[in-house]
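S.K.: Numbered according to our numbering, the sequence shown terminates at residue 74, and the numbering increases by one at each position without gaps.
Careful, some of the hints might be misleading.
[Said to hold, decoys possible] For each label pair, taking beta carbons as the anchor points, the in silico distance ranges come out as:
1. Gly-42 / Ser-3: 18 to 24 Å
2. Ser-64 / Gly-42: 31 to 37 Å
3. Glu-7 / Pro-31: 36 to 42 Å
4. Val-56 / Val-20: 29 to 35 Å
5. Asn-61 / Gln-8: 29 to 35 Å
[Said to hold, decoys possible] Here are the simulated lysine-lysine pairs, DSSO-like style, with alpha carbons at most 27 Å apart:
6. Lys-60 / Lys-18
7. Lys-38 / Lys-18
8. Lys-57 / Lys-18
Hint data in this document are derived by calculation from the structure and do not stem from the laboratory. Where is the CB? At the ideal position from N, CA and C, for every residue including glycine.
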Amino acid sequence: MASFTDEQLVSQYLVDNKEVALEELVKRYLPLIFGFVKRYTGNEGDASDIAQEVFVKVWKNIKSFDPRKASPRG
1 MASFTDEQLV SQYLVDNKEV ALEELVKRYL PLIFGFVKRY TGNEGDASDI AQEVFVKVWK
61 NIKSFDPRKA SPRG
């Protein structure tokens, strides 16, 4: 799964109902989000709570993901 693009993972989750695809996205982005929020807040507990909220929002809104509007990676 690590070799799939974000768009492919979202598609696998939505179309094929593969929960492992969403788990891969979380694994891929959790360290980045947690690190950013920890630097911003200066508090590990707050960073953990906020990162969790981010992924709950991702999960709730993933069905509205439009790959045509996704920003290109460079």
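S.K.: I want to verify a distance hint. Is the separation of the beta carbons of Val-56 and Val-20 within 29 to 35 Å?
M.R.: With Cβ atoms ~18 Å apart, the hint is violated.
S.K.: Going straight from one Cα to the other, do Lys-38 and Lys-18 come out at no more than 27 Å?
M.R.: Violated, at roughly 30 Å.
S.K.: Between Gly-42 and Ser-3, does the beta-carbon spacing fit 18 to 24 Å?
M.R.: Because 36 Å falls outside the window, the suggested range is violated.
S.K.: Just to be careful, I want the Cα atoms of Lys-60 and Lys-18 compared with a cutoff of 27 Å; is the pair within it?
M.R.: holds (16 Å)
S.K.: Is 36 to 42 Å a correct range for the gap between the Cβ atoms of Glu-7 and Pro-31?
M.R.: Violated: the Cβ-Cβ distance is about 20 Å, outside 36 to 42 Å.
S.K.: Could you check the hint for me, namely that Ser-64 and Gly-42 are 31 to 37 Å apart, CB to CB?
M.R.: holds (33 Å)
S.K.: Compare the distance between the alpha carbons of Lys-57 and Lys-18 with 27 Å, and conclude whether the hinted pair is satisfied.
M.R.: Holds, because 18 Å separates the two Cα atoms, which is no more than 27 Å.
S.K.: Using the beta carbons of Asn-61 and Gln-8, state whether their distance is inside 29 to 35 Å or not.
M.R.: violated (18 Å)
Violated hints for the displayed structure, listed by number in ascending order: 1, 3, 4, 5, 7.
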